[in-house]
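Enquirer: Chains R and L are the protein sequences, given in the same order. Numbers in the working numbering are just positions in the first sequence, counted from 1, shifted up by 41. Numbers in the working numbering are just positions in the second sequence, counted from 1, shifted up by 142.
Some clues are possibly wrong.
[What the hints assert, rightly or not] Chain L is nowhere near these chain R residues, computed Cβ spacing over 10 Å in every case: (1) N50; (2) T63; (3) D72; (4) E86; (5) N102; (6) G103; (7) A109; (8) A133; (9) G134; (10) G143; (11) G153.
[What the hints assert, rightly or not] Some chain L residues close to chain R (C-beta under 10 Å, calculated; not the full set): (12) G173; (13) L536; (14) L537; (15) K712.
Hints are computed from structural coordinates only; laboratory data are not their basis. Note that CB positions come from ideal geometry on N, CA and C, so glycine has one too.
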Amino acid sequence: MTRKRRRLNVLLLCGLGLGSATALTLTAFQDNLVFFRSPSDIAREAPPPNRAFRLGGLVENGSLQREAGPDGRPAARFRVTDGASTLSVTYAGILPDLFREGQGVVALGTMGPDGSFRASEVLARHDETYMPPEVADALKRSGHWNPAEGGAPPAASWNRLDPETRPARAAGGGSDGG
Amino acid sequence: MIPELGHFALALALALSCAQAAFGLVGPWRGMPRLMAATPPLAAGALLATAVTFGCLMWSFAVNDTSVSNVAQNSHSAKPMLYKLTATWGSHEGSMVLWVLILALCGGAVAGFGRDLPSALKARVLAVLGLVGVGFFAFILGTSNPFDRLWPPPPDGQGLNPVLQDPGLAFHPPLLYLGYVGCAVTFAFAVAALIEGRVDAAWGRWVRPWALAAWSFLTLGIALGSWWAYYELGWGGYWFWDPVENASLLPWLAGCALLHSAVVVEKREALKTWTVFLALLAFGLSLLGTFLVRSGVLNSVHAFASDPTRGVFILGLLMLYVGGGFALFAWRAAAMTPTGVFAPLSREGSLVLNNLLLCSIAAVVLAGTLYPMFADLLLGQKISVGPPFFNTALLPLAVPLIGAMAVGAVLPWKRARLFPALQRLWWAALGGFAALLLCLALEGARIGPALGFAAGAWVVLGALADIADRLALFSRPRAALARALSLPRSAWGGAVAHSGMGVLILGLAGMGLATDRLALLKPGESAELAGYTWQLDGLESAQGPNYSARRASVSVLDEGRLVAALAPEKRSFPVGRATTTEAAIHTSWLSDLYAVLGDERDGAAVLRLHHNPLAPWIWIGAAIMALGGALSLSDRRVRVSAPAPKAVRGGEARA
């Protein structure tokens, strides 16, 4: 084998490696991308069953119920809201330390047959003033926070605001921000 | 006073680094030996100044000087002393000071230990390290001054995030940074070589110990972080493919490829351009990791700094160093004439395969980590990429890598034949097959873990077969001891590191068989898991130094015999109003019994119970890998950096 040919072989091998890595990445992306949905998105367009996605919003105040599941396993049931719509969530497991009513939450799971969200993972990290950016974005899209009017109001108050009272709240948000 | 002294020392370090960079670049360029000779003392001076800075910051934390805003935000007088000291690098500002301290340490080490380096190369390496230092000192002084004063000082600090108050995590950042910054030294060597336009075996010999050290520290740092996640976060998992974890894995993968390709440069003077490229890449990826973690682009426990100016600054530094490095590479790489030619089936051929696969893995991890960010930025889509993506995309790349790992190590240099190599490994293959069958017989049709056990056994036995073969253990057992003593440490190191990887794979396979269950138990009640009876004995309140806790006592019984008493806790810290979950873990080294306390209702407690077979092996494996790196580093030939004569003796022929 000549030197040139060997180098060609090495190049071919590299191409093969990179090509297969790209192909693997793309196929894996196709099946495993996890999209983020807010309760309003789901109300607008029901996601396909058995396809995992992430649900984000605020835990509605007073909605958390702890119960024992059908097999005696402890479960939690709560509602997630982005102001415009709400979705009820069931989760069999230990809620994270920073899970609170009235605060932001992100849950991974699928839609159940009864139209509720079956969470396999609930994420509520960070401190209590933290708002997951996806949740903040969903709230902006649902019209509950206009960043031009000032900083975000305290997270705990967001879910208690319904769209009708929005102008008053927006003014409050503006003064908070100023 | 002390904080101002630290601030002054920081500015002094910046000035010294500027001089170090300027002298080190101009000296060799203009052929001025006095400038070149001035760089090592300047590096020592920068080290001293940075050490003073770090010491001042640590002192401010030790005495809880709340007039320093960094201390006020991250410390509290009620915190144990250890965590007061480790809070020095618990905040963003402090961790950047640690970063530059380690960089200055590396500069000092090159200056102090690099006596045999040609003075021009040494000056240039120090110059590049100085340049990197200038960027980061300017970053600290400009955007994240750790010594900012607060007036009036608050009566007490706000406390460190309780999740971070943990011995494992206290030492995770320093180890990780040692690895990240170690990559800066290989980067400096690569840039210096590009400026000189010359890469030879001697260069490979100087780069390899740095690559090895950086890789070993990264291995330890990542393992410590993963172990911390396992016992502190209480989710029972050890790796979540979190972007921050990936950010540390990426330089590890590149460093792993680098340290293998540096061997080829050293032994065969081949793959030179590629090795230089990898050295640039490894540092680029560690800077990217720093950027991702420090800029607040990602959301995780690490992302406490979400100041956009910082992110932009680090991004600028990343562009400057990596862009500059790669531009220099594009310009100068052609000057480095390739000399080595080799057959595909040889030691160097297998190392090329290793590099190819490791880089493909790194590319997949990089794509999976960055894609959600780009999708958000460009397409406005909120997407996340979770473990299923990484598992499906990486498995097909990991399988050939692991398969070739044992074979590559027994191939001779230059030209090899596959059959004799496989002949040496037949019993490793047999062992792997036995492990597969054993797992299938014991655990039923669990094909994933069974393949994992086969792979782990194959790698461990392959490393043993390699060593046994080199010692001629079976053909001439009487001479084996003498041969063992004369076998170079780097050969031992390689085999030990490979077997460590095998142990790690066994641990991963074991975790594939992990089981868990949730149970709502009243005191006196019990639940069954993995053949054990887990009985809740009682619930009580407890008081810690800066927290109060609820504690459950759980006895794990095996047919009435007490195996372990577990006491999982839920701690609440009044400072910062945070709660943490303390998992209770009992390890028998073959499996972990793991219990987490959830919330309580009507006198009953929610418990999550885990049985994790072989879990400790993951971290033991990583520690063995780092030990292999250390063994390799202690090799006389690595320490004596003068290029050895090329005489090939029997024992070293394949080392």
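Enquirer: Now, for every hint given, state plainly whether the structure supports it.
Expert: Checked hints:
no., hint, verdict
1, N50, "violated, 6 Å"
2, T63, "violated, 8 Å"
3, D72, "violated, 7 Å"
4, E86, "holds, 14 Å"
5, N102, "holds, 18 Å"
6, G103, "holds, 16 Å"
7, A109, "violated, 6 Å"
8, A133, "violated, 6 Å"
9, G134, "violated, 6 Å"
10, G143, "holds, 15 Å"
11, G153, "holds, 18 Å"
12, G173, "violated, 36 Å"
13, L536, "holds, 8 Å"
14, L537, "holds, 9 Å"
15, K712, "holds, 8 Å"
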